[in-house]
Each structure stands twice: as C-alpha cells, then as structure tokens.
Amino acid sequence: MPTLSEADSKARVAAHGVLVPDERIVATADDAVAAAEAIGFPVVTKLCGDAIAHKTERGLVRLNLRTADDVRAAAVDLLAAATPEDGPVALLVAPMLSGNRELIAGLHTDAQFGPTVMLGVGGILAEAIRDVVFRLVPITALDAAEMIDDLGTQPLLGAFRGEPAIDRGALAATLLGLSALSVADPSVVSVDLNPLIVVDGRPIAVDALVELAEGSTR
Amino acid sequence: MKPLHPERFRALFDPRGIVVAGASSHPGKFGFVALHNILSQGYAGAVRATNREGGTILGVEAVPSIDDLAADAPLDLVFVCTPAGANPELLRACAQRGITAAFVTSAGYGEAGDEGRAAERDLVALADELGILLAGPNGQGVVSTPSRLCAQIVAPYPPGGDIGVASQSGNFVSSFLNYSVQTGIGISRAVSAGNAAMVTVPDYLDFYADDPQTTVGLAYVEGIADGRAFAERVRVITERMPLVLLKGGATAGGQRAAASHTGALASDDRVLDGMCHQMGAIRAATVEEAFEAAATFATQPLPAGPNVAVLTTAGGWGVVTADAITAHRDLALAPLPEDLRASIDTKLPPRWSRNNPIDLAGGETRDTIPEVMTMVAGHPAIDAIVYLGLGIQSNQARLMREGPFYPGDGLERIVDYHQRQDARFARAAAEISEQTGKPILTATELATADPANPGPTTVRGTRRLCYSSSNRAVIALGHLYRYARWRRSRGLA
Chain A
2 MPTLSEADSK
12 ARVAAHGVLV
22 PDERIVATAD
32 DAVAAAEAIG
42 FPVVTKLCGD
52 AIAHKTERGL
62 VRLNLRTADD
72 VRAAAVDLLA
82 AATPEDGPVA
92 LLVAPMLSGN
102 RELIAGLHTD
112 AQFGPTVMLG
122 VGGILAEAIR
132 DVVFRLVPIT
142 ALDAAEMIDD
152 LGTQPLLGAF
162 RGEPAIDRGA
172 LAATLLGLSA
182 LSVADPSVVS
192 VDLNPLIVVD
202 GRPIAVDALV
212 ELAEGSTR
Chain B
-9 MKPLHPERFR
1 ALFDPRGIVV
11 AGASSHPGKF
21 GFVALHNILS
31 QGYAGAVRAT
41 NREGGTILGV
51 EAVPSIDDLA
61 ADAPLDLVFV
71 CTPAGANPEL
81 LRACAQRGIT
91 AAFVTSAGYG
101 EAGDEGRAAE
111 RDLVALADEL
121 GILLAGPNGQ
131 GVVSTPSRLC
141 AQIVAPYPPG
151 GDIGVASQSG
161 NFVSSFLNYS
171 VQTGIGISRA
181 VSAGNAAMVT
191 VPDYLDFYAD
201 DPQTTVGLAY
211 VEGIADGRAF
221 AERVRVITER
231 MPLVLLKGGA
241 TAGGQRAAAS
251 HTGALASDDR
261 VLDGMCHQMG
271 AIRAATVEEA
281 FEAAATFATQ
291 PLPAGPNVAV
301 LTTAGGWGVV
311 TADAITAHRD
321 LALAPLPEDL
331 RASIDTKLPP
341 RWSRNNPIDL
351 AGGETRDTIP
361 EVMTMVAGHP
371 AIDAIVYLGL
381 GIQSNQARLM
391 REGPFYPGDG
401 LERIVDYHQR
411 QDARFARAAA
421 EISEQTGKPI
431 LTATELATAD
441 PANPGPTTVR
451 GTRRLCYSSS
461 NRAVIALGHL
471 YRYARWRRSR
481 GLA
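As they're listed, the protein sequences go chains A and B. According to our numbering, the residues represented by the first sequence are 2 to 219, in order. According to our numbering, the residues represented by the second sequence are -9 to 483, in order.
For the record, the hints were derived by calculation from the structure and aren't laboratory data. Any given hint could turn out to be false.
Derived Cβ-Cβ restraints for the label pairs, each shown as a range [unchecked claim]:
#  : chain 1 : residue 1 : chain 2 : residue 2 : range
1  : A       : N101      : B       : R341      : 21 to 31 Å
2  : A       : P187      : B       : D118      : 27 to 37 Å
3  : B       : T316      : A       : N101      : 49 to 59 Å
4  : B       : D320      : A       : R59       : 39 to 49 Å
5  : B       : R82       : A       : L143      : 50 to 60 Å
6  : A       : P3        : B       : P136      : 54 to 64 Å
7  : B       : V277      : A       : R59       : 40 to 50 Å
8  : B       : R225      : A       : R162      : 53 to 63 Å
9  : A       : N101      : B       : A304      : 44 to 54 Å
10 : B       : R344      : A       : T154      : 30 to 40 Å
Stretch-level coverage of chain A by chain B, calculated; a stretch enters the list once three of its residues show a Cβ under 8 Å from a Cβ in chain B [said to hold, decoys possible]:
#  : segment
11 : 161 to 174
12 : 183 to 197
From the derived model, a few chain B residues whose C-beta atoms are all more than 10 Å from chain A [stated by the list, open to error]:
#  : residue
13 : P(-4)
14 : G44
15 : P146
16 : Q172
17 : D200
18 : D216
19 : V226
20 : V261
21 : E402
22 : T452
23 : N461
All C-beta atoms, glycine included, are put in the ideal place defined by N, C-alpha and C.
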C-alpha cells in the first residue's frame, strides 16, 4: 500500500494536533548546513521520500550531528545512498531531541473492528514490551484518558529520572488527533508515530509513517 | 441493525403453548428429549407434539401434522426437531396456526456448505414473511425460568435467577447452566443461538437489557462478522445492564504480517480488549471467570470505589488475598483508617493484625465476626470486603460428628454451636452487604471441598456466590469495580 514520506506524514498528523519537531526539508548539503545552523546543534539528518518506509534499517538516519562539517558529510552520504527505486528524495533536518522515555502511538485498521487508535510504551522496544492499548475510532477525551490509564507501565508516566511527569492532556490530544485524522480521511489505513519522545513531559513524534489505502492519491 | 421488538421474544421465552415438531417415541432421539424436558420442569402452558406416525409420547398424543392440532389452546412456539427439508412447509403451517416463534434445532443449514447456506437464507426469508421469530437453526434450545420452560435437547435446568445467557455455542450454555446448578446462582433466560440466522447474540442481549427478569447478560461469542456493528450494539446494552463476554478464537491466527509497528502489535485479542474497555463490557478469560463475574453482578451491589478490606480469621489466607488485591490493576488494598482500628481494638485482644488484612488471629468470641464486619463495612474509606475463614468451625464439627465419640462428651452441643455460628456469619455477610450497599464476598475452598458445610450452604441460602478461592473473589470484584467506574465516568447512574 502507498506510504507518505516522513515529512508529508508529519504534516498530516500535525494538522490534527500531533506535536512534531521544528524541522526543515532541503535538497542539498549546503541547504542542510544552513538549516542546521538555523535550528541549532545538535541535529538529526535523514533521507526522506514517499517510497522510503524503513530508514533506520537502511542506515538513512544520522543522529546527533554537532557541527556544520558533520552535517555536510552526512548529507553528502545520504544523498549518495538514494537508489532509483526511492524516486524523488530530500533531506530532512531536525533538532536532536532527547528524552529518557519513548512511546508509540498510531492508527491501525482491524479486519473485524475497522479503524483503531493505539498507544504503547517503548518506541523501538514496543514490540518486545507489548504494553499497548487500542480503542475503536472515533474516541472521546474520556476514552483517550482511559487508554493512558490502561497502560501497564504507569510508573513510566510519572516523574522519571529527573524528567517531569508525562503531560496526560498533551498525550490525550495526540490520541484524539489520530482519531480525528482517521475520521477526516478514511483513506488513511495506518499511522505509526514511533517513537514519540517525551520532551519536557510532552510527546513529540520524531518519526511518522502514514499508509494510505491502495489506489488513493497522495 | 435495528433491534427486534421485545414483544417478538415473548413467544420464545414466555410462550402460552408449545408444539414439538418431530417428536420421537425413541428416548435416545432429540425429538423425545425435547418433549421430555419441556414436560418435566413444570411448564404450565399447553404442550403438543407432531409425529408422522402419530401415537402417544410421554402422555402427549402426537398428531401427524400441525394442521391436525386441535384448536383447544393457544400455541406460540414451535420447537423444531424435523429434518431441514421439511421445515419450510412446517413454518407455513405454524403461521396458519398463529405460532409466532420457532426454535430450530435441525442441522443441515449454514454449517453445511453452500446448499445449507442457501436453505438457511430461504428459511429466514420465509420466517420474516410469516412474521415468525426464528431462533437457531442448529441450536440446542431455550430455557426461561419465569415460565419454567426447559425447551432444549440437553440438560440441565437451572434454578431461577437474574442472569440472561446467550451463546453462539450450545455447549457453553450447558456449562453456564451447570455452574448455576452447582452454585445456586440462578438464570432468567438462556438461549443457544445456533447459526443465529435471524436472531443474533446481540439481539438476545438487547432483549435481556430491558427484560425485568434479567439484571446481567452473559454471552459466549465466536466469529464476529461486523465488529463495528457488534461494538455499537454492546454499547447500548452495557448502558442498561452489565454484560460479561467470553470470546472464543481470541488468539487464533489473527496476527497477519503487518508493515507497520502499530499493525504488528494489533492482535485480535488486544483490539477486542480495547473494544470491551471502551464499550463497558466485561471480558472474561475463562468459562468459570465469566460465570462468576455474571453471578457477582447478579448478587452483589456495585462498589463505589476500589478500596477493599480483607477480613480473615487466619493469617496466610489474608496475606495471599492482599497480594491479589495489590497486584490487581484496578483494586486497592485500603489502608486501615485510624478510627476504624480504634473501633476494632474495642472488640479484640491486642494480637489482631491492627492493619488490612484485618486478621482476627483467633481472638474472636461469639459475636466478634458480625460486629467487626459491621464496623468495617460501615466505614466510608472501605468500598468492599473479602471475607475469609467461613466454615472452619463446621469443618471441625463434621469431623466430630462423623467420629467415634459423637454425640457424647459434649460433642453434640459444640457441633450444633459451630454449625450455627458459621450459618450466622454467612447470613451476616449478606445482611451487612444489603444494609451498607457494599459488596461483601465470602471465599473458602469449602465451597467446593465440602458444599454441605453449613457455611457455604448458608451463603447459597442467601442467594450469593460462595467463592472457592479468594483470588477468584478478587477477580470478580475487579470486574464489578471496573464496570462501576465505567458507568460513573460516563455519568450513567
């Protein structure tokens, strides 16, 4: 099924209130350096395109770039790694966000129950931890709050290792935004926000992947 | 899906008269068993039978066809034991006779390939046209205790009560009814939906939700064809009554390869769990958990909060129960309030636990258990009680009664006393629960190890469930609290 690029995926979810980093899409290594200087170091640089769904597995994500030279070198590498199958590509430059806690949220179209909203603990570890909850779209604010309450790993949601407690209102808004996206655009069959990094208590979608139904237009 | 009008179920659950179509003179055949079961449990309406060869079966004079039935009594329900091929003509004749409901046990329909599916569609269309409510086909039957109706091809017939059962699998109806017989927690209606060609499990539950005889629904579901429609039906049911769901096939093959992480984490089981939490349904993991949850809804008030006190006459039981409450996602082991501790101090020697679990530590005298239970249940910081230790005295009494010295050496008197005390404690648990509006669950393995013990026997006499372990009581209580919280947070009374 067709997927949207990371940048377009983020634009779709951000339109429904999901928090995403302040990031730039650029075409060249020079522009990547300029973007990094504007954002402030350290930054992340990724190769981005509609046909690129699994960047980490292909080494297309460069983290924690601290200087202009780092960014330039990474940008040149990434552009060279693009294959003809990737189609049009661009560089995404984003601030390097860090937090001790990562969550996952998304939309999934269940064969029996149709569109569902999901929330889980663990970011890249989510599939090993398997502390996840689902609700049928559309969800209410109460459903969103109960989803957060239903997570097994509650201590992770409180104040943790010097970081403030997770802002449950902001996390609920993320879930409500996903539900609203599903209602507004039924061609969206799945969304991965993975990871959601918790920064100052608020969940930020540092990666997003929107999958559309077969035959729908981007 | 539009709910079927409740009046249409009247003919199925409270028929004025029944005809068994395809009654048999052979005691091994369903057509005999059905007639036997209808006749043997006190059903007061007219009972008629058809059999191609006529004859008298169990005192009922069978006639060759529906058209041959005398017009001497109103008949509302036909219990169909005839082969599938005979049924269209049968339904037409029944409609002529004024019959408005059919329970079809016949096989050879949707479960039997393309031809069977076509026959099933045709039968539903015909029943629709004739204004007949069609239950089944391929079902075991229907039970309705307000009418003393046992129209089924299997046992048992349960005691009357408040639980309404609807099941996609007939043998789970039998399981639930067997638990009802064992525990004394009764059933209002029970139906095996069979292929559910016209009337589905949610249709029955919807009827139960407005049925004054039913206070809780208990359902087994397998395939859910349209999950979204099912979820919407569940939601309008749970607003009116608690609904306990046992779902088969929860882990079977639902996990398809998924491109997304979200999809990879979305098992049927988790999505179903989420649906139940969202729609206020109680999902049970096992058949006994499902029955005990329903039995608890039927017999205990809903707790106002999560704070549980454990009242025990012995230490180890209390510790294990406290562990189960502490580990529970939704319940809390209430910290013992200082004023309650001071009140209990006035009733017990200082060796009692002075904490929750409230372990009386053998310090109790004749009236201590009811007195302390009253104090604990009356305290606003306590929402529910799990009571342990019932039946110990009667267990010793049994050993004395059956031993070689009875009734001499003062044994008769002490045996009587022990048995009276346990009966009194069991009654106190029910009475104090009623007075305070708080659930008090009594748990002892004697409920199953020695059901004749006056403790568990008296619990059954109060029409409550005697839980066979404290863990099972805690699980049931957790379901009650979760449902109460779901209602309260949605502004439902």
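Each hint tested on the structure:
Remark: the range hint 21 to 31 Å for A:N101 to B:R341 is contradicted by a beta-carbon distance near 47 Å. A hinted range of 27 to 37 Å for the beta carbons of A:P187 and B:D118 is consistent with their spacing of about 33 Å. Evaluation of the 49 to 59 Å hint for B:T316 and A:N101 yields a failure: the beta carbon distance comes to about 27 Å. Between B:D320 and A:R59 the beta carbons are some 44 Å apart, a value that agrees with the proposed interval 39 to 49 Å.
Between B:R82 and A:L143 the beta carbon distance is about 51 Å. The supplied range of 50 to 60 Å therefore holds. Between A:P3 and B:P136 the beta carbons are some 58 Å apart, a value that agrees with the proposed interval 54 to 64 Å. Hint check: B:V277 to A:R59, Cβ distance near 49 Å, so the stated range 40 to 50 Å holds. For the pair B:R225 and A:R162, the beta carbons lie near 40 Å from each other, so the given range of 53 to 63 Å is not met.
Checked against the hint of 44 to 54 Å, the C-beta distance between A:N101 and B:A304 comes to roughly 45 Å, which is consistent with it. A C-beta distance of roughly 34 Å is found between B:R344 and A:T154, which places it inside the suggested range of 30 to 40 Å. Check on the segment 161 to 174 of chain A: 0 of its residues sit with their Cβ under 8 Å from a Cβ of chain B, so the three-residue criterion for coverage is violated. With 4 residues having a Cβ less than 8 Å from any Cβ of chain B, the segment 183 to 197 of chain A passes the three-residue criterion, so the hint holds.
Distance to chain A confirms B:P(-4) as a non-interface residue, since its nearest Cβ pair spans about 27 Å, more than 10 Å. The Cβ of B:G44 sits about 50 Å from the closest Cβ of chain A, beyond the 10 Å cut-off, so the non-interface label holds. Its beta-carbon lying about 34 Å from the closest one in chain A, B:P146 satisfies the requirement of being farther than 10 Å from that chain. Here B:Q172 stays apart from chain A, with its beta-carbon at least about 34 Å from theirs, past the 10 Å limit.
No Cβ of chain A comes within 10 Å of the Cβ of B:D200; the nearest lies about 25 Å off, and the non-interface call holds. With 10 Å as the threshold on Cβ separation, the claim that B:D216 sits away from chain A is violated: the shortest Cβ distance comes to roughly 8 Å. Look at B:V226: its CB is around 15 Å from the nearest CB on chain A, clear of 10 Å, so calling it non-interface holds up. With a cut of 10 Å on Cβ distances, B:V261 falls inside the contact zone with chain A, its closest approach being about 5 Å.
In this structure B:E402 is separated from chain A by more than 10 Å, as the shortest Cβ-Cβ distance comes to about 56 Å. Against chain A, the non-interface label of B:T452 holds: every CB pair exceeds 10 Å, the least being about 35 Å. Even its closest Cβ contact with chain A, about 19 Å, leaves B:N461 beyond 10 Å, as expected for a residue assigned away from the interface.
In summary, the structure is inconsistent with hints 1, 3, 8, 11, 18 and 20 from the numbered list given earlier, while agreeing with the others.
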